[in-house]
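Asks: One-letter residues, chain by chain:
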Amino acid sequence: MTATAHLHPAPVRPGFEAEQHALGLYFRALCGHGCELVPYADDADVWQHPDTMTTLRLPSRPPIRDGDPLTDADWYQVAVTHRALHRSLGTFDFDAGRAEPLFPRLRPPALDRPSPAPGLERFIGLFGRTALAVEIFAALEDLRVDAEALRRYGGLRARFLAVQRAAVRGRPEPARLPPRAAVAEALVRASLGQTEIEVPESLQGPTAAVVGTALRLTDPRATVESTAEATIRVYGVLAGLPNIGGGDGPVRTLSLVDGAAVDDPDVSLFRRDLRLEGDELLDVRFVPVRYRDVPGPRYVGQMASGMPLQEAILRMVPDPDPEGEDADEHGFIERSLNAERGDVDITAVERPEPPPAPLPHDHGPDLDGQHDAASGHLHASGRDEYVYPEWDAVAGRYLADWCLVRLKRPRSVRSDSIHRRTMARHGHLLPGLVAALEQIRPAGREFLRRMPDGDDLDLDAAIEAMIDLRAGRRPSDRVYTAVAEKRRDVAVAFAIDLSSSTAERVPPDPQRPKEVMRILDVQRDAVSLMGQALDRIGDTYGIYGFSGTGRDDVEVSVVKDLDERRSPAVMHRLEGVVPHHTTRMAPAIRFLTDRLEQFDAATRLLVVVSDGRPYDLDYGQQYGEEQILRYALADTGRALAEARARGVQPYMITVDPAGDDYLGEICDPREYHVIANPRDLPESLAQLYVVARSRG
Amino acid sequence: MPETATAPETTAPETTDALDEDAEPFYLPIGDEIELFRAAYAQRIPVLLKGPTGCGKTRFVEHMAWHLARERGNPVRDALVTVTCHDDMTASDLVGRYLLSPEGTDWLDGPLTRAVRAGSLCYLDEVVEARKDTTVILHSLTDHRRILPMERLGTTIRAHPDFLLVVSYNPGYQASLKELKPSTRQRFMAIEFGYPDVDRETAIIAHEAEVDDETARSLAFLAEQLRNLDEADIIDGPSTRLLVYVGALIRKGVPAARACDVALVQAVTDDRDIQEAVRKVTRAVFAE
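Chains A and B supply the protein sequences, listed in that same order. As numbered in the working numbering, residues 1 to 696 make up the first sequence, in order. As numbered in the working numbering, residues 697 to 984 make up the second sequence, in order.
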């Protein structure tokens, strides 16, 4: 059991975890945008988990039952498809001025005038009951989107319909609801493909009008502006219905398909509806459909900036507590809006509290007491787990299967700020670095003789061949000379320290006194700069981070694998790495040595960037305090020696001013470099690499 | 026992089969590339074709060579010489070399020399792959001189009036690694190719793979979706050529989803997660 397991209950793994990355890419293929999939707990209030432009909120377990012709993966694929089509069909790109082919226009012309406010916000602002308008708009868009999904994705059709059928289960019966809610429910059911529905006789007319209007959006030509027109009409009907009482009177089955009214309902909107005090509390809440997203701030035009339409959002959150609690007690609005702006993790509710901000040389929570390094081999149980031995210098032997390395992909943070920041701060270094590397790139040319293929005849070989030929012997065909470039392929792995101390700030730059930078940021800049240079000259490189909480939990974060190419995804992962606990360097070195060894390169380099000496919770502590440093250094030194023996040349670079004191013990002086000012790391790393590369 | 110690055939660069007089290479234009190419040819301005792999560059050159040869009354079989460049290709591979023969040495023209003498279009595919010292021999052919120095023969040959040099490269592929030297690339007019839109790609797939319109359209739609991953640099393509392969398998009775697995999913990436994502898209378009 890991030390962390004592502190935090194991989080429930979402059902889509194994496919998380693939589903994210699937979303991107369908709509061209990236997203992160974030789970919410099964018992969570769905209304608190609206999607944003960068996150999809999905239940940890899909609401399907045994007997449904669906797998969990099917359900998630349908949910992601629906959400992707919101993006590709322009749900959030409403433009009131754009013509649409289905309805006589009711949108007021005033909406067409240019305005800094988003079109959707201004449109929704027309309605007296904004929350009701948003719900109607969202339900109608869902209907339009699903109709298009069924047309576009024939291969998914059967699974899509099955998910829709499963979604109808457990919904309230319209016949038991107050009139407005009953018609709203009929609308949602129609959007889920139900063709027959029982409604009170008195509501047959309004239901037919609403559903008939809605079903026009299944037309392939329908656009989001068509949905807006339909919203005006449906709102006109629903707002005119009372939302109390009902649930009695004779019931009749209405065929929703036959009821597809062609008449345009006669609505005259945009007079302020008469509202009674407290009326809003009785307003209808559409029962959410879980494979679809629930309306959030983006349904009132709040995409990434600007102030929210507070009134509308307040009405979308759960009804205020009668005791008069703060309506935003869960911080929903703020979190949602921050999430829209892309600067907050709105998943914080389900995730464990982050560790407190580290103090200098604090290696995370104090777990020492819970860690017993006594014995026990570890086993790798997945394809991303690896077990390595450890050198016990005190006992003078290897401990077999002692450290478990787990690979993980850092969370992807969509932002190109690393790139911009790096280029702003260190871009001036790039041309010189590339030039320096290019100079050492070809290792010269070789003049090759007696080749089977080449530019010129090799005179000696040609004469011999002629002699052979005339003497009746079989001549050699190696009669050419050639000039070949000597190649020196290089593969390099950069390993950056992600221990919690990398969250410390570096001393401010006198030229930019306000800029706050952590050691981690400087490390990121450094590897990002190197990556750009290496891409230009063609060296193979990988970027990894390492951290851990004990021998059974050494984490290697794969930002860019050696055989992966640099892509925006790599930059997003680099942005997503976070400081985390301790520095057990040796297992990471052993893992990366393995990794590099698989590469057919003449030169293999391992560059470890760190901010302090190796340390872990169960790393020599068994021999007493005074042995800790010796134990950790000896193991690290041993791992470096193993690397050298296997043809991987290690280099250490540290921003720890005391680095000289211990690195000298385990490295050749040419193999390590201590930097006085962490801000110099990018430049120093570049210089070190040029030197390392030319030694090749 | 061989009579001569000639260099093995394999040292000669790969050249394509000659065009067939009776078979017009099918090409569906996506813009004004045909007009541009004709204008360039009229002025004998060398042409650089840029575009992703499998988008139709080679087919376009074949199409143009076929038409230009017929219009000028030249034999179609000599209309085009194609050389696929690679990083071991030397100037000799293009210009020619001496071979040993029982009598001494024989000179063998390389493909470029053949094209220069015969007045063919010479198409150097993926020219960035060639070594930089190799591309330099193209310089005197691509300006007003239109000559090819034959260093080893000690002569210079003047290009046939109908000769034109066409090169291609794919800027997205290993973009940061290999680029044309400015002194080379500024000798060409450039025509940029992209993937065709869904309608055109449908027509191309239907024609080339001989599948029905509905299948062709589904494949073109599938490609349009997957190219969102190309935009994000996650995969390359898929190319129109790959879709034609998938279509051809479908026509031969392989179920569509399976054909996508073997000819598309496996071809665009080796990463398991990306494969799974691509497979999900193919399974959303084609039922299992």
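These aren't lab readings, by the way, just hints derived from the structure by calculation. Beta carbons: idealized from backbone N, C-alpha and C, even for Gly. Be careful, since some hints might not be right.
[Said to hold, decoys possible] Residues on chain A that point at chain B, a partial pick, calculated with CB under 8 Å:
(1) Tyr26
(2) Gly155
(3) Met466
(4) Ile467
(5) Val479
(6) Thr481
(7) Pro508
(8) Pro510
(9) Pro513
Asks: Hold the hint about Thr481(A) up to the distance rule: shortest CB distance to chain B must be less than 8 Å.
Replies: Interface hint status for Thr481(A): violated (10 Å vs cutoff 8 Å).
Asks: Verify the interface restraint on Pro513(A): the C-beta must sit less than 8 Å from at least one C-beta of chain B.
Replies: violated (36 Å)
Asks: So, as I understand it, the hint says Tyr26(A) touches chain B; can you test that by seeing if any CB pair is closer than 8 Å?
Replies: holds (5 Å)
Asks: Under 8 Å, Cβ to Cβ, is where Gly155(A) needs to be relative to chain B, so tell me if that hint holds or is violated.
Replies: Interface hint status for Gly155(A): holds (4 Å vs cutoff 8 Å).
Asks: Answer holds if the nearest beta-carbon of chain B is closer than 8 Å to that of Met466(A); otherwise answer violated.
Replies: holds (7 Å)
Asks: Should the interface hint for Val479(A) be scored as holding, given a Cβ-Cβ cut-off of 8 Å against chain B?
Replies: holds (6 Å)
Asks: Quick check on Pro508(A) please, does its C-beta sit within 8 Å of some C-beta on chain B?
Replies: Where the cut-off is 8 Å and the nearest Cβ of chain B is about 34 Å from Pro508(A), the hint is violated.
Asks: Double-check Pro510(A) for me: the hint is only fine if its C-beta lies closer than 8 Å to a C-beta in chain B.
Replies: violated (35 Å)
Asks: Take the shortest C-beta to C-beta distance between Ile467(A) and chain B; is it under 8 Å?
Replies: violated (11 Å)
Checked against the numbered hints above, the structure breaks hints 4, 6, 7, 8, 9 and satisfies the rest.
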